[in-house]
Amino acid sequence: MDYHNGMTAKRTKPVSLEELWDYEDKNPVVFASPRALAEARLIARLERTKRNHRDAQANGDSHRHKAVAA
Amino acid sequence: MNKFPFQVKAGGLLQTALLRFASKAEIQRYHRSLSPFARQASTIIRDAVEFTRLAAKRWRYYASSGEAAESLANLQRKVQRDSTCEVAFIMVATIRRERHDLPVGLAYCRRTWCHHLALDFLALHPHALGQRERVRGVGSGIVFGLVQLARVLRIPRIWGEATVNSAPFYEKLLAIRPVKDLFIIEAPEMAAIAERQKKISDPILVSPTTGGLP
Numbered sequence: 001m002d003y004h005n006g007m008t009a010k011r012t013k014p015v016s017l018e019e020l021w022d023y024e025d026k027n028p029v030v031f032a033s034p035r036a037l038a039e040a041r042l043i044a045r046l047e048r049t050k051r052n053h054r055d056a057q058a059n060g061d062s063h064r065h066k067a068v069a070a
Numbered sequence: 001m002n003k004f005p006f007q008v009k010a011g012g013l014l015q016t017a018l019l020r021f022a023s024k025a026e027i028q029r030y031h032r033s034l035s036p037f038a039r040q041a042s043t044i045i046r047d048a049v050e051f052t053r054l055a056a057k058r059w060r061y062y063a064s065s066g067e068a069a070e071s072l073a074n075l076q077r078k079v080q081r082d083s084t085c086e087v088a089f090i091m092v093a094t095i096r097r098e099r100h101d102l103p104v105g106l107a108y109c110r111r112t113w114c115h116h117l118a119l120d121f122l123a124l125h126p127h128a129l130g131q132r133e134r135v136r137g138v139g140s141g142i143v144f145g146l147v148q149l150a151r152v153l154r155i156p157r158i159w160g161e162a163t164v165n166s167a168p169f170y171e172k173l174l175a176i177r178p179v180k181d182l183f184i185i186e187a188p189e190m191a192a193i194a195e196r197q198k199k200i201s202d203p204i205l206v207s208p209t210t211g212g213l214p
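Residue numbers (the numbering used here), protein chains in the order written: chain Z, 1 to 70; chain U, 1 to 214.
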């Protein structure tokens with residue numbers, strides 16, 4: 001099935017490569033899918049947390065345990 | 001077959017750029033090449049740096065669980081082994097400068113479980129965005145490279161989430177209006193994208209053995 005024919009989107013007159021490049025000059029192509037971006041930010045935060053934890057261990061910080069009141 | 005050529009204009013001259021699968025080392029090199037631009041005031045350059053760094057982190061995360069590819073053969077092997085596997089890969093676009101390859105942009109893609117290609121990040125390198133020597137046509141060229149890749153892999157659909165910033169670009173590229181939060185590139189759009197590049201390409205680019213242009 002042609003997806004676009006089944007939607008409300010209409011085909012428009014194709015632009016030339018030169019016109020497309022003019023558009024790209026004024027509107028630089030730097031795009032990210034919002035979902036992919038959110039997932040990547042989460043991964044970056046996870047990596048940072050792991051690294052901080054590793055660094056803390058390497059620096060000799062011991063795990064703190066809660067003192068349990070008798 | 002790992003390289004997909006497209007035309008750009010640099011310094012007012014037409015030049016062939018190449019889109020290819022990035023290995024781990026190439027992703028690291030690309031990542032390092034962003035350092036001089038990290039503190040630039042321009043929002044678009046800061047976004048380009050941030051998106052690329054995040055794409056690299058996301059790729060590394062997928063690679064750590066064996067769900068990323070570093071070459072076409074690698075991707076094909078994974079798909080042969082498991083036809084419903086999801087594989088991430090980064091394609092890097094470069095142009096030749098003196099004796100080295102200058103990175104000009106990248107695309108982060110996923111081959112989805114149903115053999116479609118999802119485009120998650122599409123970002124020009126700050127080199128290509130420079131005021132002094134802008135490289136024209138990298139964004140649409142990368143999409144043309146992905147169309148060539150899709151044809152080699154017999155992938156019938158390239159899709160992605162469009163945003164308020166990217167939707168007008170896809171409307172122009174695909175000659176479809178309106179594009180809302182989803183863009184889809186199927187056979188008719190792939191043919192139109194290839195046809196547009198064919199008009200300015202060197203005959204070698206349109207040989208069926210090099211890129212599968214009609």
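Derived by calculation from the structure, the hints in this document are not laboratory data. A hint or two may mislead.
[Stated by the list, open to error] Derived coverage of chain Z by chain U (criterion: at least 3 residues anywhere in the stretch with Cβ under 8 Å from a Cβ of chain U; other residues may be distant):
1) 12 to 19
2) 36 to 45
3) 52 to 58
If you're wondering where the values come from, they're calculated on a predicted model, not measured in any experiment. Glycine included, every Cβ here is placed at the ideal spot set by N, Cα and C.
How the hints compare with the structure:
{"no.": "1", "hint": "12 to 19", "in the structure": "holds (count 7)"}
{"no.": "2", "hint": "36 to 45", "in the structure": "holds (count 7)"}
{"no.": "3", "hint": "52 to 58", "in the structure": "violated (count 0)"}
The earlier numbered hint that this structure contradicts is number 3, and it is the only one.
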